[in-house]
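There are 2 protein chains.
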Amino acid sequence: MTAVRLSLMLESSKIPKDSSLSRREIRRDKRRTRIRDAAFELFERQGFEATTIDQIAALADVGKGTFFNYFPTKQNVLTDYYARLSAGFINNAENIKTGNAQKRFAKLFHSIETTLRREGQMVDVLYPEVFKQPKLIALDEDIEERVSVLYAGWLDADKDKKKLRDDFDTALAVRLIFDIWSATLRNWIEADKSFSLAEELNRKFELLFTGLRAKNF
Amino acid sequence: MTAVRLSLMLESSKIPKDSSLSRREIRRDKRRTRIRDAAFELFERQGFEATTIDQIAALADVGKGTFFNYFPTKQNVLTDYYARLSAGFINNAENIKTGNAQKRFAKLFHSIETTLRREGQMVDVLYPEVFKQPKLIALDEDIEERVSVLYAGWLDADKDKKKLRDDFDTALAVRLIFDIWSATLRNWIEADKSFSLAEELNRKFELLFTGLRAKNF
Numbered sequence: 000m001t002a003v004r005l006s007l008m009l010e011s012s013k014i015p016k017d018s019s020l021s022r023r024e025i026r027r028d029k030r031r032t033r034i035r036d037a038a039f040e041l042f043e044r045q046g047f048e049a050t051t052i053d054q055i056a057a058l059a060d061v062g063k064g065t066f067f068n069y070f071p072t073k074q075n076v077l078t079d080y081y082a083r084l085s086a087g088f089i090n091n092a093e094n095i096k097t098g099n100a101q102k103r104f105a106k107l108f109h110s111i112e113t114t115l116r117r118e119g120q121m122v123d124v125l126y127p128e129v130f131k132q133p134k135l136i137a138l139d140e141d142i143e144e145r146v147s148v149l150y151a152g153w154l155d156a157d158k159d160k161k162k163l164r165d166d167f168d169t170a171l172a173v174r175l176i177f178d179i180w181s182a183t184l185r186n187w188i189e190a191d192k193s194f195s196l197a198e199e200l201n202r203k204f205e206l207l208f209t210g211l212r213a214k215n216f
Numbered sequence: 000m001t002a003v004r005l006s007l008m009l010e011s012s013k014i015p016k017d018s019s020l021s022r023r024e025i026r027r028d029k030r031r032t033r034i035r036d037a038a039f040e041l042f043e044r045q046g047f048e049a050t051t052i053d054q055i056a057a058l059a060d061v062g063k064g065t066f067f068n069y070f071p072t073k074q075n076v077l078t079d080y081y082a083r084l085s086a087g088f089i090n091n092a093e094n095i096k097t098g099n100a101q102k103r104f105a106k107l108f109h110s111i112e113t114t115l116r117r118e119g120q121m122v123d124v125l126y127p128e129v130f131k132q133p134k135l136i137a138l139d140e141d142i143e144e145r146v147s148v149l150y151a152g153w154l155d156a157d158k159d160k161k162k163l164r165d166d167f168d169t170a171l172a173v174r175l176i177f178d179i180w181s182a183t184l185r186n187w188i189e190a191d192k193s194f195s196l197a198e199e200l201n202r203k204f205e206l207l208f209t210g211l212r213a214k215n216f
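Protein chains in written order, with numbering that gives the first Met the number 0: chain A, 0 to 216; chain B, 0 to 216.
It should be emphasised that the hints constitute simulated quantities derived from the structure, not laboratory data. Certain hints may be false.
Which copy is meant is left open, so a pair is good if it fits within one copy or across any two.
[Said to hold, decoys possible] Below, in silico cross-link-like pairs of lysine-lysine (BS3-like), each with a Cα-Cα straight-line distance of 25 Å or less: (1) Lys131 with Lys192; (2) Lys162 with Lys134; (3) Lys161 with Lys96; (4) Lys29 with Lys106; (5) Lys192 with Lys63; (6) Lys203 with Lys192; (7) Lys161 with Lys63.
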């Protein structure tokens, strides 16, 4: 599981994969991956709190000083992970160019669920920390801000095409969409992912969009 | 602030206030209030984690053993508080007997905001613990279950009267209502209660109910 996840993360990272990378850069990159891999394994096995930098360095077979060359703190391993994960989500969302707003949300939620299931237990490690660690909280707010603009664009495009009523406040609807998203995600994590996140969201969005649709549609 | 809050809590508690209380019971009740009052003062001042039972007992001017006669653990002070607070909310909700569903929600949210503002900082102490402490989590689930039944009844009554469409899944709509409630409450707490909780909820509910209303209304 870990191997699949990490290789996919590297694919979505911004490191160019052409031959312009020097051997030194490749070596750095591999070592960084090994340290992160060790950290993930320990976080999943014994929890984030209980894991020490000494343990991560030992499992990655590097000195403690080497760990600090790559990550200033243990928290940074998670911040880095969340940054990569969310860059993937934002990228996915930005690449959805067709369909009405409701269909775009359905596509996005499907791809998010696929990613979250592939990431496995690391999602359960990350989730509670997003509400605790200041850097993760700040990152989460940044993501919400960026995605809000995108969602508002989807709704406004549908308003322009008269596919949605034009008498509702787009910003309010976006807040509502985030409410549904965040509460449903929480329930999904708490229910050990025993139902389909995307399907539950789609059902709720169907109910919401019924109210947003123009009368003649 | 504390005095107002506690007197109101006693009003809503189940302790009968008639003369049938023995002097011993009255004394017990007063001491319990004094211990809880001391605990609240310390929780608000220095946080729940940092407060020790020794400090609570000292401030309440009782022995540590006396504390344990009233509360088996420090956590129980919060569980007891949340149980009383939520009994008040459920009681309020059950007493809303008139108006359509949307108006009932508006009434309920108004009374909840009034209570939460009156309770002041204790709400900020309680809120994060509801996601951490197993007993508070269990209590929260109980409350959600009880209130769900009530909300479903409000929606179904409106369906029967053709004030709402009858082709949506009531249980799904109730889940959506909880999503909006819990996410908005979180935002409100995080924003230091700088906006009106009830107004923000009412605006979101107006958008939701537009979709739930029958076409001929």
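* Hint numbers not upheld by this structure, sorted from lowest to highest -> Violated hints: 2, 4, 5 and 7; rest satisfied.
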